[in-house]
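Assemble chain A onto chain L, guided by the hints.
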Amino acid sequence: MSFPKKPGGKSLDVLKTLPRISLANLRPEPGARKEDQRRGRGQHGGNRSGRGHKGERQRGTRPRLGFEGGNTPFYMAIPKYGYNEGHSRRPQYHPLSLKRLQYLIDLGRVDPTQPIDLTQLVNARGVTIQPLKRDYGVQLVDEGCDIFAAKINIEVQRASEGAIAAIERNGGIITTSFYDPLSLEILIKPVPFFMRGQPIPRRKLPGEEMVPYYTDAENRGYLADPEKIQQARLALAQKYGYILPDISKDELYQMLCMRKDVRQIFFGLAPGWVVNMAEKKILKPTDEKLLKYYSS
Amino acid sequence: MLRLSLVVCGRRVAKRFCLQFASSFSSENALPSNLLLPTNLVDPARLKRPPPPPDCSLPVLRTCSAVVPSHLTPVHTWVETLEKQDSEPLGVAHLHPDVFAVAPRLDILHTVETWQRAYKRISHANTKVRSEVRGGGKKPWQQKRTGRARHGSIRSPIWRGGGVSHGPRGPTSFYYMLPMKVRVQGLKVALTSKMTQDYLHIVDSLNIPTPDPQYLLDLIKQRHWGQSVLIVDISEEFPENILQATANLKTVNLIPLIGLNVHSMLKHESVILTLETINFLEEKLLWHDQRYTPLYPFKLPYCDFP
Numbered sequence: 001m002s003f004p005k006k007p008g009g010k011s012l013d014v015l016k017t018l019p020r021i022s023l024a025n026l027r028p029e030p031g032a033r034k035e036d037q038r039r040g041r042g043q044h045g046g047n048r049s050g051r052g053h054k055g056e057r058q059r060g061t062r063p064r065l066g067f068e069g070g071n072t073p074f075y076m077a078i079p080k081y082g083y084n085e086g087h088s089r090r091p092q093y094h095p096l097s098l099k100r101l102q103y104l105i106d107l108g109r110v111d112p113t114q115p116i117d118l119t120q121l122v123n124a125r126g127v128t129i130q131p132l133k134r135d136y137g138v139q140l141v142d143e144g145c146d147i148f149a150a151k152i153n154i155e156v157q158r159a160s161e162g163a164i165a166a167i168e169r170n171g172g173i174i175t176t177s178f179y180d181p182l183s184l185e186i187l188i189k190p191v192p193f194f195m196r197g198q199p200i201p202r203r204k205l206p207g208e209e210m211v212p213y214y215t216d217a218e219n220r221g222y223l224a225d226p227e228k229i230q231q232a233r234l235a236l237a238q239k240y241g242y243i244l245p246d247i248s249k250d251e252l253y254q255m256l257c258m259r260k261d262v263r264q265i266f267f268g269l270a271p272g273w274v275v276n277m278a279e280k281k282i283l284k285p286t287d288e289k290l291l292k293y294y295s296s
Numbered sequence: 001m002l003r004l005s006l007v008v009c010g011r012r013v014a015k016r017f018c019l020q021f022a023s024s025f026s027s028e029n030a031l032p033s034n035l036l037l038p039t040n041l042v043d044p045a046r047l048k049r050p051p052p053p054p055d056c057s058l059p060v061l062r063t064c065s066a067v068v069p070s071h072l073t074p075v076h077t078w079v080e081t082l083e084k085q086d087s088e089p090l091g092v093a094h095l096h097p098d099v100f101a102v103a104p105r106l107d108i109l110h111t112v113e114t115w116q117r118a119y120k121r122i123s124h125a126n127t128k129v130r131s132e133v134r135g136g137g138k139k140p141w142q143q144k145r146t147g148r149a150r151h152g153s154i155r156s157p158i159w160r161g162g163g164v165s166h167g168p169r170g171p172t173s174f175y176y177m178l179p180m181k182v183r184v185q186g187l188k189v190a191l192t193s194k195m196t197q198d199y200l201h202i203v204d205s206l207n208i209p210t211p212d213p214q215y216l217l218d219l220i221k222q223r224h225w226g227q228s229v230l231i232v233d234i235s236e237e238f239p240e241n242i243l244q245a246t247a248n249l250k251t252v253n254l255i256p257l258i259g260l261n262v263h264s265m266l267k268h269e270s271v272i273l274t275l276e277t278i279n280f281l282e283e284k285l286l287w288h289d290q291r292y293t294p295l296y297p298f299k300l301p302y303c304d305f306p
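Protein chains in written order, with our numbering: chain L, 1 to 296; chain A, 1 to 306.
Next up, chain L with everything else stripped away, as it sits in the complex (with noise of 0.2 Å):
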């Protein structure tokens, strides 16, 4: 047990001696500030300025980077392929690994008692989404999945079967479901979204190459059919060795059961609503027209 120390120790000590700290006292940090170095000054710095003797390197006429003398470049030289080829419509997925998840739930940084969503996950600041860059949400990752010893109900975009098995063992539920671009930026940053006072819009389906991804019940996607899903708990219970618990008769079964319908981006916020931050107000759409898009 430390003994309770002066609050600043020996610094303050010493600081109560010296001289008032005023404005002419300061300086910076011994080695803080460097200098600039100035071409062309003193006797060392001078004469050739440090360009060196004569030529294109003197004179500054040195040909474009990659040039090699007129025979053919590296970068021409090696043929293409096609690495790099749509890299930009690539979806990427952020990796949250489960032993992370443990660590934000342990701190109390995101809470198990509400459904988990990748707000949530944001606003503990466990993950950075950038949809800027192609990222379409987070998948959740195999690593610590035999430490992981929550009950949760979680909604990412990918999961992998381990962590499925993982959540699953531990009574809770998870769901990937899909968010197109837009739906995402609104979903990671809701305040700023609300501040510019535009309807909450529907969420788009997924594309015609991640419909079998997010139909299949192994996945547990969110289009897929809840039976299907059930019967691939089962499966999965008896792949893995563990028995699967009862989740209908858990105290928490209401939380867990809360899925977002498709269009749905929020919790509890259907499209079509309008958000006022200041008052503290939600406005609904009450022209049929809109009703019957919104709820289409």
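Because the hints were derived from the structure by calculation, they are not lab data.
Hints should not be assumed to be uniformly reliable.
To be verified - Cross-link-like lysine-lysine pairs, in silico, DSSO-like; alpha carbons within 30 Å at most:
1) Lys80/L x Lys99/L
2) Lys10/L x Lys267/A
3) Lys16/L x Lys181/A
Frame of chain L; chain A shown alone:
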């Protein structure tokens, strides 16, 4: 004039020092006439009141509302009044060590001070380039056969009256922002240094009996608060008396708490805070120790930011 005052002050301080160390100076009791000591030397006559002892009988007027870490203890200071010139302190106040007893980072003070001076600076120095100087479009004389040096314009930089090649160009801004946490730490270090060097005084309120500026000056002189005093109140509404008293005084200045900055604190010798200002200060400065990184500017509402 300046040198005279320097010598006088130096002599007074030096005399006190000599009296203290009389034993060490055996034969030299008289001061040399050309002795020049800096005016901001630590003056023993000022340190009359030691910090409050742990078993003080006066009431504790303010305790730390924020949680103090277990390895640190709060800083104890006297709480005084401005009502009477020669009154004893009213009580004791406990100040949070993470605001008033942080490490004395003088380099941060220097950084914040240079930032404060530079970021508002717009230098309007502007010189004309050879294209901007009036005239000089025509070739002064033909290229060859005149026997004179060849020139293209009478306003080239080598000519008298010509343009300046590499001079200052138009209004230049020296704006840059230091990270928020560095500026906050600068405030904390400034408050700490004022507290440890005994230049920070806490007052219960700014009510004075008369609007007479002489009252304040006598009070300051009697309590040895120094040459210049910075009085900080919580809001922009100050009591009438103190507003009138400080209106025409150059060395005693009144500012609201949102105007507290490192430059003003270092420029004035003493800083006077009220009890309400300390609550607000601690709350605002300690929040930065434990906040998350901002997702969007702090001006927009956050669920956990008040």
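Comparing the hints with the structure gives:
Between Lys80/L and Lys99/L the CA atoms are separated by roughly 40 Å; this puts the pair beyond 30 Å, and the hint is violated. Restraint check for Lys10/L and Lys267/A: satisfied, since their Cα atoms lie roughly 26 Å apart, inside the 30 Å limit. In summary, the hint linking Lys16/L to Lys181/A is supported, as the alpha carbons are separated by about 26 Å, within the 30 Å threshold.
Hint 1 from the list above is the single one not met by this structure.
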